[in-house]
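Chains as they are written, first to last, in this note's numbering: chain Z, 1 to 297; chain X, 1 to 250.
Fair warning: there could be bad hints in the mix.
What follows is a set of in silico ranges between Cβ atoms, one per label pair, in the way DEER data are often shown [stated by the list, open to error]:
1) E125/Z with R125/X: 28 to 38 Å
2) G224/Z with E160/X: 24 to 34 Å
3) A98/X with G151/Z: 51 to 61 Å
4) D47/Z with T126/X: 15 to 25 Å
5) E20/Z with A233/X: 56 to 66 Å
6) D70/X with G224/Z: 23 to 33 Å
7) R128/X with E125/Z: 55 to 65 Å
8) E160/X with D47/Z: 43 to 53 Å
9) S114/Z with R96/X: 57 to 67 Å
10) D70/X with D67/Z: 45 to 55 Å
11) D47/Z with G237/X: 22 to 32 Å
Subject to a maximum C-alpha distance of 16 Å in a straight line, what follows is the list of computed EDC-like cross-link-like pairs (lysine to aspartate or glutamate) [claimed, not checked]:
12) K180/X with D15/Z
13) K184/X with D234/X
14) K101/Z with D100/X
15) K263/Z with E83/Z
16) K101/Z with D234/X
17) K124/Z with E187/Z
18) K61/X with D100/X
19) K180/X with D164/Z
20) K180/X with E20/Z
21) K101/Z with E84/X
22) K124/Z with E65/X
Since the hints were derived computationally from the structure, they do not count as laboratory data.
Glycine included, C-beta positions come from ideal geometry on N, C-alpha and C.
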Amino acid sequence: MIAGVGLGLRWEFLDELLEEMPALAFLEVSPENYIGRGGFHRERLADLRQRYPIITHGLTMSVGGFDPFGAEYMQSLGAFAREVGTPWHSDHVCWSSLDGKLLHDLLPVAFTISNVARIADRIKEAQDRLGVRMLVENISYYMHPGEPEMGEAEFLSELCERADCGLMLDVNNAYVNSVNFGFDVDEWMAKAPLERVAQMHVAGHAWFDDRDRAGQRLIVDTHGEDVTDPVLALLGRVLKRTGPVPVLLERDQNIPDLAGLMKEVGRIHAVYDAAIAETEAPQVGKPSGPNSTGVTP
Amino acid sequence: MSAIATRELDAARALHDACVGLHDPGTPRAWLYRELVQNNVRGVLRQLIPRATALMDQHAKGSVEALVDDFLRGPGMRSHYMREIPYEIFAWGKDRLASDVRLPRQTVTLAAWELYWFRVRIAERTPRPEHLVDVAPHLSLVLESPALVETFACAIHAWEDDAPIPEPAETILLGYRDEKEEPKLFVLTPLAAAIFRELQQGSALAHAIPNACKTLGLALSQSVLNDSARLLADLSGAGIILGARTPAAQ
Chain Z
1 MIAGVGLGLR WEFLDELLEE MPALAFLEVS PENYIGRGGF HRERLADLRQ RYPIITHGLT
61 MSVGGFDPFG AEYMQSLGAF AREVGTPWHS DHVCWSSLDG KLLHDLLPVA FTISNVARIA
121 DRIKEAQDRL GVRMLVENIS YYMHPGEPEM GEAEFLSELC ERADCGLMLD VNNAYVNSVN
181 FGFDVDEWMA KAPLERVAQM HVAGHAWFDD RDRAGQRLIV DTHGEDVTDP VLALLGRVLK
241 RTGPVPVLLE RDQNIPDLAG LMKEVGRIHA VYDAAIAETE APQVGKPSGP NSTGVTP
Chain X
1 MSAIATRELD AARALHDACV GLHDPGTPRA WLYRELVQNN VRGVLRQLIP RATALMDQHA
61 KGSVEALVDD FLRGPGMRSH YMREIPYEIF AWGKDRLASD VRLPRQTVTL AAWELYWFRV
121 RIAERTPRPE HLVDVAPHLS LVLESPALVE TFACAIHAWE DDAPIPEPAE TILLGYRDEK
181 EEPKLFVLTP LAAAIFRELQ QGSALAHAIP NACKTLGLAL SQSVLNDSAR LLADLSGAGI
241 ILGARTPAAQ
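Let's have the full structure, built from the sequences with the hints guiding it.
See the structure below:
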């Protein structure tokens, strides 16, 4: 069982990672960056697999989309998941393609009863075709298409229940949405299916002017800053309820060197260890030893 | 499809069209999604063809953005893999770049070269046959992969930023990776390229050279045989010729 804090593998710090091999519970990779690709980075992933558990996190399945899943994509994804031995595969509760055209972004789905049924069927299909358990991730969204019939947390709860899948809880996304839409994130967490959380994401965000509301600002999930204190505090509160699930630091822009990233991992560790010490959930799988990386340095 | 699903599909289509700039539905924050999509695509294009896009910025300000915007409004992205998107854009837009009088004449060649070089760096290796035997004239050769042959309008691979733009001169390149995954290049003569293509298609050595001569309209002379020997020595030295298939596998 993987527990502790991991890092999203990015090529900007690949050389340093290979040289230093720091203590990390796991690495998360996006299969889309490796499928159909050879060369240096693909070879180095094979090296890293010898040292770290690998978890896959997809970007373009379009779980909430209307197009059928692409046969070649799903076949390649399943093969990649088996190759790296991921315990599950996650992707986002969003759509990202329509009429065969991809947008390479995470577009929001409507929180409606019919979408619960439709998307749950797609998740079940994906699980069957990939041969691994699916986790679905709550996204940062900036508008809702049409009128919602329920809140996002209830939508996720119904969806995970009906698809019998896990939840990849992105703590930063929940926080970003709570600020942008003005709701209480702890109330949101109370309604979210935390019992289905198998992994969490944390990341940094940035403020921008909201052009639709003069003088107002909104947060965009940029993954380009350090994780903010309110997000870390929220992570701690959630971990007390979920117990020791793997937590991932995502950083996609303004990526610091590995030392800077490990400092950030250390901040998350401190929150993780403190929360797990007070956890309300069963302690099954809690790693022992001087740190909780789950991997011997 | 139910009326409810149709409504949801229509909402998605409206947001899609806003993202690619087909129309502005007036939906709050649709602008943000449009910028996120545009910035992602512009970013990967600049990443994969940095020198060609720099030329575009320098000589035709805004042309990168316009190219991406028109591509998104037109054929759009089809690949799940972001690194493939610049190839899609280039395949669709290279004629437009070639006819843009504001751009230096080798912009398209430069973009093609950058995309080719990226492909050399990342193309998957094909699995090697389990059993190989020594090279013999009647056997098909097993070649290392990737080994990509492409023809360019000039010696674009040798062009450095502050040098004059190379004069047009057909240049055939063979890109491959060494055992350390470092990308490497050979410049091929037309004869060498024709022989190599024959070998890649599985022709036995004894057939590859005469076939290549026939393709190019050359006589099978001593000079051709000497050039062929040099090519094979170079390919072997670079580790591109791995051996030959066993007779049973021919």
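Against the structure, the hints come out as follows:
Evaluation of the 28 to 38 Å hint for E125/Z and R125/X yields a pass: the beta carbon distance comes to about 32 Å. Between G224/Z and E160/X the CB atoms are about 33 Å apart, so this pair conforms to the stated range of 24 to 34 Å. Hint check: A98/X to G151/Z, Cβ distance near 53 Å, so the stated range 51 to 61 Å holds. Taking the beta carbon of each, D47/Z and T126/X are about 21 Å apart, inside 15 to 25 Å as hinted.
Remark: the range hint 56 to 66 Å for E20/Z to A233/X is contradicted by a beta-carbon distance near 42 Å. About 28 Å separates the C-beta atoms of D70/X and G224/Z, a value consistent with the hinted range of 23 to 33 Å. In this structure the hint that R128/X and E125/Z lie 55 to 65 Å apart at CB is violated, the actual value being about 36 Å. As the Cβ distance of E160/X to D47/Z is approximately 34 Å, the hint placing it in 43 to 53 Å is violated.
At roughly 42 Å, the beta carbons of S114/Z and R96/X sit outside the given window of 57 to 67 Å. For the pair D70/X and D67/Z, the supplied restraint of 45 to 55 Å is violated, since their beta-carbon distance comes to about 23 Å. Remark: the range hint 22 to 32 Å for D47/Z to G237/X is upheld by a beta-carbon distance near 28 Å. This hinted pair checks out: K180/X and D15/Z have alpha carbons roughly 14 Å apart, not beyond 16 Å.
Pair hint K184/X plus D234/X holds up; C-alpha atoms about 13 Å apart against a cutoff of 16 Å. In summary, the hint linking K101/Z to D100/X is not supported, as the alpha carbons are separated by about 27 Å, beyond the 16 Å threshold. For the hint pairing K263/Z with E83/Z, the CA-to-CA distance comes to about 31 Å; that exceeds 16 Å, so the pair is violated. The hinted pair formed by K101/Z and D234/X fails the criterion: a straight-line CA distance of about 44 Å is larger than 16 Å.
Distance hint between K124/Z and E187/Z is unfulfilled; the C-alpha atoms sit about 28 Å from each other, more than 16 Å. With a C-alpha separation of about 12 Å, the suggested pairing of K61/X with D100/X holds against the 16 Å cut-off. For the given pair, K180/X sits about 45 Å from D164/Z by alpha-carbon distance, which is inconsistent with the 16 Å threshold. At roughly 20 Å between alpha-carbon atoms, K180/X and E20/Z are farther apart than 16 Å, so this suggested pair is violated.
Among the hinted pairs, K101/Z with E84/X is consistent with the structure: their alpha-carbon atoms are about 13 Å apart, no more than 16 Å. A distance of roughly 39 Å separates the Cα atoms of K124/Z and E65/X; the hinted pair therefore is violated under the 16 Å criterion.
In this structure, the earlier hints numbered 5, 7, 8, 9, 10, 14, 15, 16, 17, 19, 20, 22 are contradicted, and the remaining ones agree with it.
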